[in-house]
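Visitor: Protein sequence lines correspond, in order, to chains A and B.
The C-terminal residue of the first sequence carries number 364 in our numbering, and the numbering is unbroken.
The C-terminal residue of the second sequence carries number 1314 in our numbering, and the numbering is unbroken.
Source of the hints: derived by calculation from the structure; they are not laboratory data.
Predicted model, so just to flag it, every value in this text is computed and none were measured.
One or more of the hints may lead you astray.
Claimed, not checked - Straight-line C-alpha distance at most 25 Å; calculated DMTMM-like pairs for lysine to aspartate or glutamate:
1. B:1085 to A:80
2. A:171 to B:1214
3. B:1152 to A:231
Claimed, not checked - Only part of the chain A face toward chain B is listed, based on derived beta-carbon distances under 10 Å:
4. 174
5. 177
6. 350
The beta carbon of each residue, even a glycine, is placed where N, CA and C say it ideally should be.
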Amino acid sequence: MNAKRPSLYSLTSMMVMLTLLLSACGGGVVTATEAPAPEATGTLSVLEWAGYDAEDFWVDFKNAYPDVTVNFEIGISDADIYSKMAAGNQADVFHPYSGWLQFYVDEGLVEEIDTSKLTNWDKVSESHKKLGQINGKQYFIPWDIGFTSILYRTDKIPEGVDSWAALMDPKYAGHISMWDDGPGAVTISSYIHGYDETAITDEQLAAIQEEWIAQRDLNLFYWAGEPELQEGMRSGDVWVAYAWQGSYALLLGEGVPVAYANPKEGRNSWVGFYGIRKGTENLDLALKFLDAKLAEATGNNVVNLFYYGHSNQDVMNSVTDPMLIEAFGLNDPSILEKTNFTPNLTAEQRDAWTSMWAEVKAAP
Amino acid sequence: MTTTPSPSLPHFPEKMGEGDQRSGGGRGWGLDRRATFWMLYLPPLLWLGAFFLIPLLLMFAYSFRPDMRGDFFQLWQPSLNQYEKLVSTGSYWRLLWTSAQMALLISVISVVMSYPIAYFLAFHGRQRVGFYLVLLLVPFWTSYLLRVMAWKMMLGTEGVINSFLLYINIIQEPLTALLYNRNAVVITLIYVWIPFATLPILAALQRIDIALFEAAADLGARPFHQFIRITLPLSLPGVFAAFFMVFIPTVGEYVTPLLVGGSRGSMYGNIIQDFFTKAANWPFGSAMSMIMLAGTLILVAIAARLINLRDLLE
């Protein structure tokens, strides 16, 4: 008998401690939801990519609402951000990219945006606004914009690169670096072979898989984060790579002899968006955050610090740095005609293409 | 010790063991043994339950989901889709086998290389053994990622090894075979594991009664024979502990291959990680994890049966 009482005590005290802990955690959420948005205090949580959590990239919001605490959680890929949101992540705002929008809407994870509440909305071009619409409704606001193309070392490849097929050219064996991404690989193969990216057949996907398994022997490493790619380019190990323009501008600025190809199949272009989680109690604050994301100081930082485009046209029109003009292709009025926009993936394509890529990496 | 009670012993445990502890515990804390047991074991049990067992069960459940759609806690119709797909994809099985082979190679080399270190610490460290242990553990003061990154600087085309070989004119062109392949993964992981593998071997060696060596010497055994007949057999539990400590996590390793493995260096763990972070396909990643878990357990069970760990530990 005596034996039971103390253990019951310890169990009870453990439960009390656990309850205390849990209620302490809950307390934070309560203050967040209780905070009335009009006074603009409280907490906003953002599921963001590493780097964009720096204050430079939400400086307008910080200045306008200094009393609001913004918490960032980092996602490492579109898939990561999507699966976190699908699993019930409580972030108020999240940052998906081209291609990865449709399922948020299909699965009811994203709130339609009342653009009348966004004071900077009229500075966004119609074509970019349209990219954030799904089923005719504005679920996402466009924010950062960039190209994907082939980045190459001009000292190692003086003849230049004019096709996406360079990533599979045996001439560059051991000096190629592809992005570690299945949908990205399908996109490139589609450009090279003229497949319709939105309607890849099973046979085409099988051919694409074979093509990338063969490419693997030429590829030095698949890069996951841009710093990894930049280091490879800098050291001279990588001569030719799948790359975003931010890496191009950064390396160019450092004096590394690199060029950004204009492949005959066209560059690829992508847009980053912000969405608001459906059912958030912080809707007003989230809208204010999105509006401030479109403001000029924030946009200028995206352009000047990360060398990406911004959806606010005033920001882009004020770019004068020749290196940036070159990087954005602002001096080439036909560049957009030669550019392929990334279509939205369906859930089936996402699963099939990512599986294809896993099998490429696992192939013996 | 207590497995084979001889007829003369029954009084012993009651007097000195159980009875003694019970009265001692009672006096000091006013708690009996069972309460003390729960006080001590409940926190780690809760911790492991909440952060190990429940996630593992969730993953098990997730592996029977047909796809990612639907809320996390929403009920779904269990499906064997993921396992069917996994069974039909030969490359994943081959990769699991390759990963197990790599893990075997890495654990054997790590243990063989750790043994002399442990031996030195146990028998020749003397008063400085604490200092040497600190030296052994110094690498842990640096982040694991940084240490692996350092290997990139060692093995790269402009790295330390290549620069040195170029400098002394042994090679004219930098060697590209050092980095971004499976060898680089093996080399780096052996380095990472050596300090870990040393500790259980050291613990086993330190338990050996010095008197045994004296007795062996008195009976004319030479140092080599002492090692083969006494030291090695008595240290085997530590050796096997070290082996499994290296083998099991290495089968599922993914960070090191990601950093130094290159295009062809992926291990099974990398593919699991990809399904979670790059493919938004948790059900398939979970199924792959379950297969790896089962595979590793089976291998360990077979090994344990072959080696008969219980005999060794007694």
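Visitor: Compare the structure with each hint and give your call.
Guide: Each hint, compared with the structure:
1. B:1085 to A:80: Roughly 22 Å between the alpha carbons, so the hint for residue 1085 of chain B and residue 80 of chain A holds.
2. A:171 to B:1214: Violated, because 68 Å separates the two Cα atoms, which is more than 25 Å.
3. B:1152 to A:231: Roughly 11 Å between the alpha carbons, so the hint for residue 1152 of chain B and residue 231 of chain A holds.
4. 174: holds (6 Å)
5. 177: holds (9 Å)
6. 350: Since chain B brings a Cβ to about 6 Å from residue 350 of chain A, closer than 10 Å, the hint holds.
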